[in-house]
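Asker: Here is how the chains run, residue by residue.
Protein chains: 2
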Amino acid sequence: MGIIRKTQSVEMLLAEFQSDTSAISVVELVDRLGSKLNKTTIYRVLDRLEDDGIVHSFLGNNGIKWYAKCHGCSISGHTDVHPHFQCLNCGRVDCLSLDISIPKIPNREVVGSQILIQGKCEACFG
Amino acid sequence: MGIIRKTQSVEMLLAEFQSDTSAISVVELVDRLGSKLNKTTIYRVLDRLEDDGIVHSFLGNNGIKWYAKCHGCSISGHTDVHPHFQCLNCGRVDCLSLDISIPKIPNREVVGSQILIQGKCEACFG
DNA sequence: TTCTTAATGCAACTGAGTTGCAAATATAAG
DNA sequence: CTTATATTTGCAACTCAGTTGCATTAAGAA
Chain L
346 MGIIRKTQSV EMLLAEFQSD TSAISVVELV DRLGSKLNKT TIYRVLDRLE DDGIVHSFLG
406 NNGIKWYAKC HGCSISGHTD VHPHFQCLNC GRVDCLSLDI SIPKIPNREV VGSQILIQGK
466 CEACFG
Chain R
346 MGIIRKTQSV EMLLAEFQSD TSAISVVELV DRLGSKLNKT TIYRVLDRLE DDGIVHSFLG
406 NNGIKWYAKC HGCSISGHTD VHPHFQCLNC GRVDCLSLDI SIPKIPNREV VGSQILIQGK
466 CEACFG
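Respectively, the protein sequence lines represent chains L and R.
Residue numbering for the first sequence follows this note's numbering, starting at 346 and increasing by one per position.
Residue numbering for the second sequence follows this note's numbering, starting at 346 and increasing by one per position.
Derived by calculation from the structure, the hints in this document are not laboratory data.
The model shown is predicted, which means the values in this text are computed figures rather than measured ones.
Misleading hints may appear alongside valid ones.
All copies of an identical chain are treated as equivalent in the list; a pair is satisfied when it fits inside any one copy or across any two copies.
To be verified - Cross-link-like lysine to aspartate or glutamate pairs, in silico, DMTMM-like; alpha carbons within 25 Å at most:
1) K381 to E361
2) K351 to E395
3) K465 to D444
4) K465 to D396
5) K449 to D425
6) K384 to D396
7) K410 to D392
8) K465 to E454
9) K465 to D425
10) K414 to D397
11) K381 to D392
Construct the entire structure; sequences and hints are all you get.
Answerer: Structural data, given as structure tokens:
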């Protein structure tokens, strides 16, 4: 379905992704915007933003949902697929513009993949 | 810490992994054994089995925890790391003995990775 | 067999994510 | 600008995986 109306909720959520280059967990978003926006609204707007190819979601270390801006995706499909990196020290999550190829697997059809790399981020590594 | 005592709960859980070559979700295990074992016990025994390198855990499509037998791991560490495959049709999850190499990433230290490949399994593909 | 400590059951809780419905609001039509 | 309509929001209550504290049970060593 996707975004149909440019509401204040949509603007506020988009603003978060504008100012933040890393991925943001839903928990964090509820924490940041929870006083202004209802939790349910946050979940629903994110759903619509994802349907529209504006953000993409994935699961972090503990199964919590994270969102990050898309680059080059549209309502017709998410073409910007890539691995994500979660820092085990500070928890930060980033998108990696890295191409990890999944080999063909006999007798199975590969449709997609979720790759989460864990370690120390740029800030915690130095 | 790991397993110290060979209790009935441990035996029952091990039996499930003996007869099942694929991975098993905690939800499924609670479903199978919930009438004989308390849910809390199931979670705790699985924790200990994992500490001992007998099973390993990972997250499936929806953030639910899955467990599968280890091959060659011990209490000193999980050496048997590999990608997992979840069938989007039937939900089945398998371990893949496949080596997907994660490249070095500048300014970051890579410690581990979680790779979940999605598609159609052997049974659903044919 | 007894004793100690680990393991279990239970009940209540936590926290992410969802649902149904009434009220609010964006947008198109007049 | 005003009205009509369908989308969006807030709220409250719920679902469900996973956890916690504590009293009870049962391994297994002495």
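Asker: Up to 25 Å between alpha-carbons, please classify K351 paired with E395: within, between, both or neither.
Answerer: within (15 Å within a copy, 48 Å between copies)
Asker: With identical chains, the pair K465 and D396 could be close in the same copy or across copies; at 25 Å between alpha carbons, which is it: within, between, both, or neither?
Answerer: between (31 Å within a copy, 23 Å between copies)
Asker: Quick one: K410 to D392, C-alpha cut-off 25 Å, is that within a copy, between copies, both, or neither?
Answerer: Answer is both: 11 Å inside a copy and 23 Å across each meet the 25 Å cutoff.
Asker: Using 25 Å as the alpha carbon limit, work out where K414 and D397 are close: within a copy, between copies, both or neither.
Answerer: Within one copy, since 11 Å is at most 25 Å while 40 Å is not.
Asker: Indicate which option fits the pair K384, D396 if close means a Cα-Cα distance not exceeding 25 Å: within, between, both or neither.
Answerer: Intra 19 Å, inter 36 Å, cutoff 25 Å: intra-copy only.
Asker: Please work out whether the CA atoms of K465 and E454 approach to 25 Å or closer within one copy, between two copies, in both situations, or in neither?
Answerer: Answer is between; shortest inter-copy Cα gap is 5 Å, intra-copy 33 Å.
Asker: My question is about K449 and D425: at a cut-off of 25 Å on alpha-carbon distance, are they close within one copy, between copies, both, or neither?
Answerer: both (20 Å within a copy, 21 Å between copies)
Asker: Reference check for the pair K381 and E361, CA-CA at most 25 Å: within, between, both, or neither?
Answerer: Classified as within; 13 Å inside a copy, 48 Å across copies.
Asker: Within a copy, between copies, both or neither: where do K465 and D425 come within 25 Å Cα-Cα?
Answerer: Cα proximity of K465 and D425: in one copy and across copies (24 Å, 22 Å).
Asker: My question is about K381 and D392: at a cut-off of 25 Å on alpha-carbon distance, are they close within one copy, between copies, both, or neither?
Answerer: Only inside one copy: K381 and D392 sit 18 Å apart there, 40 Å across copies, limit 25 Å.
Asker: Using 25 Å as the alpha carbon limit, work out where K465 and D444 are close: within a copy, between copies, both or neither.
Answerer: For K465 and D444, the Cα distance is within 25 Å both inside one copy (20 Å) and across copies (22 Å).
In terms of the numbered hints stated before, the structure departs from none.
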